[in-house]
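Spelled out from the first residue to the last, the chains are:
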Amino acid sequence: MSYNKPLPKLDPLTTPFWEHARRNILALQTCRACNDAHLPPSPVCPKCLSTDQDWKPASGRGVLEAYAEFHRAYWPGFNDDIPYSSAIVRLEEGPLMATNLVGDTTNARVGKAVEVIFDIVSPELALPKFRLASDD
Amino acid sequence: MRSVSIIGTGMMRFMKRDTVNMVDFAWPIVKAAIVEAGVDPKSIGAAYCGSAASGSMPGQRVLKRLGLTGIPISNVEGACSSSAIALRHASLAVATGECDVALAFGVDQLNLSGKTLVHGTEDWDFAYGLAMPGLYAMRAQRYMYEYGVTIEQLTKIAVKSKKYGALNPWAHFQQEVTAEQVMNARMVADPFTVLHCCPRSDGASAVVVCASDIAHRYSSKPVKIVSSVQRSGKMMTGFRDMTMPESTQRAARILYEQSGLGPEDIDVCEVHDAFTVNELLYSDALGFSKPGEAVKLLEDGDFDIGGRIPLNITGGLVSRGHPIGPTGIAQVVEMTHQLQGRAGKRQVEGAKLAMTHVTGGGVAGLDHGAVTIHILGV
Ligand SMILES: [Zn+2]
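Protein chains in written order, with my numbering: chain V, 1 to 136; chain X, 1001 to 1378.
Calculated from the structure, these hints are not laboratory results. Mixed in with the good hints, there may be bad ones.
Now the in silico label distances, taken between C-beta atoms and shown as ranges [unchecked claim]:
id: 1; chain 1: V; residue 1: Thr51; chain 2: X; residue 2: Arg1002; range: 27 to 37 angstroms
id: 2; chain 1: X; residue 1: Ser1259; chain 2: V; residue 2: Pro57; range: 25 to 35 angstroms
id: 3; chain 1: V; residue 1: Glu124; chain 2: X; residue 2: Met1001; range: 50 to 60 angstroms
id: 4; chain 1: V; residue 1: Glu19; chain 2: X; residue 2: Tyr1147; range: 36 to 46 angstroms
id: 5; chain 1: V; residue 1: Arg32; chain 2: X; residue 2: Thr1178; range: 57 to 67 angstroms
id: 6; chain 1: X; residue 1: Thr1178; chain 2: V; residue 2: Lys112; range: 32 to 42 angstroms
id: 7; chain 1: V; residue 1: Arg32; chain 2: X; residue 2: Thr1019; range: 57 to 67 angstroms
id: 8; chain 1: V; residue 1: Pro16; chain 2: X; residue 2: Lys1234; range: 19 to 29 angstroms
id: 9; chain 1: V; residue 1: Lys56; chain 2: X; residue 2: Arg1013; range: 52 to 62 angstroms
id: 10; chain 1: X; residue 1: Asn1111; chain 2: V; residue 2: Leu49; range: 38 to 48 angstroms
id: 11; chain 1: V; residue 1: Leu49; chain 2: X; residue 2: Ser1074; range: 25 to 35 angstroms
id: 12; chain 1: V; residue 1: Pro57; chain 2: X; residue 2: Gly1260; range: 46 to 56 angstroms
id: 13; chain 1: X; residue 1: Asn1111; chain 2: V; residue 2: Val121; range: 25 to 35 angstroms
Some but not every residue of chain X turned toward chain V, in silico, with C-beta under 8 angstroms [what the hints assert, rightly or not]:
id: 14; residue: Leu1066
id: 15; residue: Trp1124
id: 16; residue: Tyr1128
id: 17; residue: Leu1130
id: 18; residue: Ala1131
id: 19; residue: Gln1141
id: 20; residue: Arg1142
id: 21; residue: Tyr1145
id: 22; residue: Met1187
id: 23; residue: Ala1189
id: 24; residue: Thr1237
id: 25; residue: Gly1238
id: 26; residue: Glu1293
C-beta atoms are modelled at their ideal positions from N, C-alpha and C, and glycine is treated no differently.
Construct all of the structure, not just a fragment, from the sequences and the given hints.
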């Protein structure tokens, strides 16, 4: 069956994020002038307004800032996933990322350590998702 | 700047209204506000229409039914804050002396425009199936974790909301519910069952404002716009505290500074409760409680009529409904009636100062797209 969930639209600003993700790397736009790591990407650094921006691999680790189970699908593609989990992950580098928590979520609690995995949804696209860290 | 007062109000029950065109249900509400104000329609110098999902120039489309054309008509889009921003601009037009009388109204028809609750976030979130109820469910989860708030306590907010909605003829949902009914209702996003979420409604709301020094010509009980603050969310691409709505806290600080008032001076308040947990988030952000302590006010009955700060005693968005565009002015109409002593079973005795608070939308990286707060007084 073909993938029928909404897909992120790629533009010049976000393409590097998804190109890294395709290679199973979670990358953050990072300012060469002030070293601020930010998400979502921006044409200028939100801290110092520098346009000199780089992409750096993140550790892929973080903690569950918040976590909630969805019991209603707002897009038909999610009908078969109900209930599915949404999560806000606080990345080690600082930014918060909206994502899904996958795998065994029985022990999921706010504050738990999580690590990134990549859900390959098409030859061009892998969605970074998170699971409870194995060493936690 | 001149002082500005509200002299006329128009309001209707928010509900599913998908069998008539929004223009046809909106113009009588605008007319009602003008008739209540008792102004000659020709004296209205400017009109502002707040709408988020009604296409191009809803203001012109509604006002042509009343022959109110030729004047400057500005259409304001600020998601859920749309009509609150429209009111702010109508007030500014009077305050600056551009005109003596101005009209502000809100209109939207979500059930026909086919929009669900405005998601407003960027497509990254959609890829993860993240809709607005889920984002607020996560805020609730974080708040519960941070401050030890329980599902039973959140449920009390829903019960309170429905209790007051049952007293409000304008409410979409006019039925009391028990805690059991709230807990056993259809789950949307944990911890929210459907009774924690505002319904999708259609409707219109309107007010007429004029310079305070001529307000008594028209109204025996004009309500003054004591203070008005509008802000946008700050882009925050690093860490942010999910339990503290930054833009509301920042706007409130400015509001108190410019009015010389404090949260302890407010007698009754409407906050943007698209979901039950918002009452706690915004009570903290507006300074009615210290961070994390709003639930104490809830438990002590301080958010009820007769309590310290009656909060959303109209039923709020959760019961009155949330048609997006008209929501901000609906809050203002309700609070105007409170201050005029005409709120019926929902009346807070002796209310002199009322606050309305509405945020607007979500843009990825921002706390909220917009926030608008008004203090009204008699
Ligand atoms: Zn920088």
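Comparing the hints with the structure gives:
1. For Thr51(V) paired with Arg1002(X), a C-beta distance near 44 angstroms fails the hint of 27 to 37 angstroms.
2. A hinted range of 25 to 35 angstroms is violated for the C-beta pair Ser1259(X) and Pro57(V), which are about 50 angstroms apart.
3. Checking the proposed 50 to 60 angstroms range against Glu124(V) and Met1001(X) shows it holds: the Cβ atoms sit about 56 angstroms from each other.
4. The supplied range of 36 to 46 angstroms is met by Glu19(V) and Tyr1147(X), whose beta-carbon atoms lie about 41 angstroms from each other.
5. Separated by about 59 angstroms at the C-beta atoms, Arg32(V) and Thr1178(X) satisfy the suggested range of 57 to 67 angstroms.
6. At roughly 34 angstroms, the beta carbons of Thr1178(X) and Lys112(V) sit within the given window of 32 to 42 angstroms.
7. Taking the beta carbon of each, Arg32(V) and Thr1019(X) are about 59 angstroms apart, inside 57 to 67 angstroms as hinted.
8. For the hinted restraint 19 to 29 angstroms between Pro16(V) and Lys1234(X), the CB-CB distance of approximately 25 angstroms keeps it satisfied.
9. At about 55 angstroms, the CB distance of Lys56(V) to Arg1013(X) agrees with the hint of 52 to 62 angstroms.
10. For Asn1111(X) paired with Leu49(V), a C-beta distance near 43 angstroms keeps the hint of 38 to 48 angstroms intact.
11. Between Leu49(V) and Ser1074(X) the beta carbons are some 32 angstroms apart, a value that agrees with the proposed interval 25 to 35 angstroms.
12. A hinted range of 46 to 56 angstroms holds for the C-beta pair Pro57(V) and Gly1260(X), which are about 52 angstroms apart.
13. Distance hint for Asn1111(X) and Val121(V): a CB-CB separation of about 33 angstroms, consistent with the stated range 25 to 35 angstroms.
14. Here the hint on Leu1066(X) is broken, as its CB sits about 38 angstroms from the closest CB of chain V, past 8 angstroms.
15. Using the Cβ-Cβ criterion of 8 angstroms, the hint placing Trp1124(X) at the interface with chain V is satisfied: the shortest such distance is roughly 5 angstroms.
16. The beta carbon of Tyr1128(X) is positioned within 8 angstroms of a beta carbon in chain V (closest approach about 5 angstroms), and the interface hint is therefore held.
17. Because the smallest distance between the Cβ of Leu1130(X) and any Cβ of chain V comes to about 5 angstroms, under 8 angstroms, the interface hint for this residue holds.
18. Among the interface hints, the one on Ala1131(X) holds; its C-beta lies about 4 angstroms from the nearest C-beta in chain V, closer than the 8 angstroms criterion.
19. Here the hint on Gln1141(X) is kept, as its CB sits about 5 angstroms from the closest CB of chain V, short of 8 angstroms.
20. Look at Arg1142(X): its Cβ gets to within about 4 angstroms of chain V, closer than 8 angstroms, so that hint holds up.
21. Restraint check, Tyr1145(X) versus chain V: the minimum CB separation of about 4 angstroms is within 8 angstroms; hint holds.
22. The restraint placing Met1187(X) at the interface with chain V holds, with a minimum CB-CB distance near 4 angstroms, inside the 8 angstroms limit.
23. Annotation: Ala1189(X) was flagged as interfacial toward chain V, and the flag holds, the nearest CB pair being 5 angstroms apart, inside 8 angstroms.
24. Checking Thr1237(X) against chain V by beta carbon gives a least distance of about 3 angstroms; that is within 8 angstroms, so the hint holds.
25. At a threshold of 8 angstroms, the smallest CB-CB gap from Gly1238(X) to chain V is about 4 angstroms, leaving the interface hint in force.
26. Using the Cβ-Cβ criterion of 8 angstroms, the hint placing Glu1293(X) at the interface with chain V is not satisfied: the shortest such distance is roughly 20 angstroms.
Hint compliance for this structure: hints 1, 2, 14, 26 are not met, and every other hint is.
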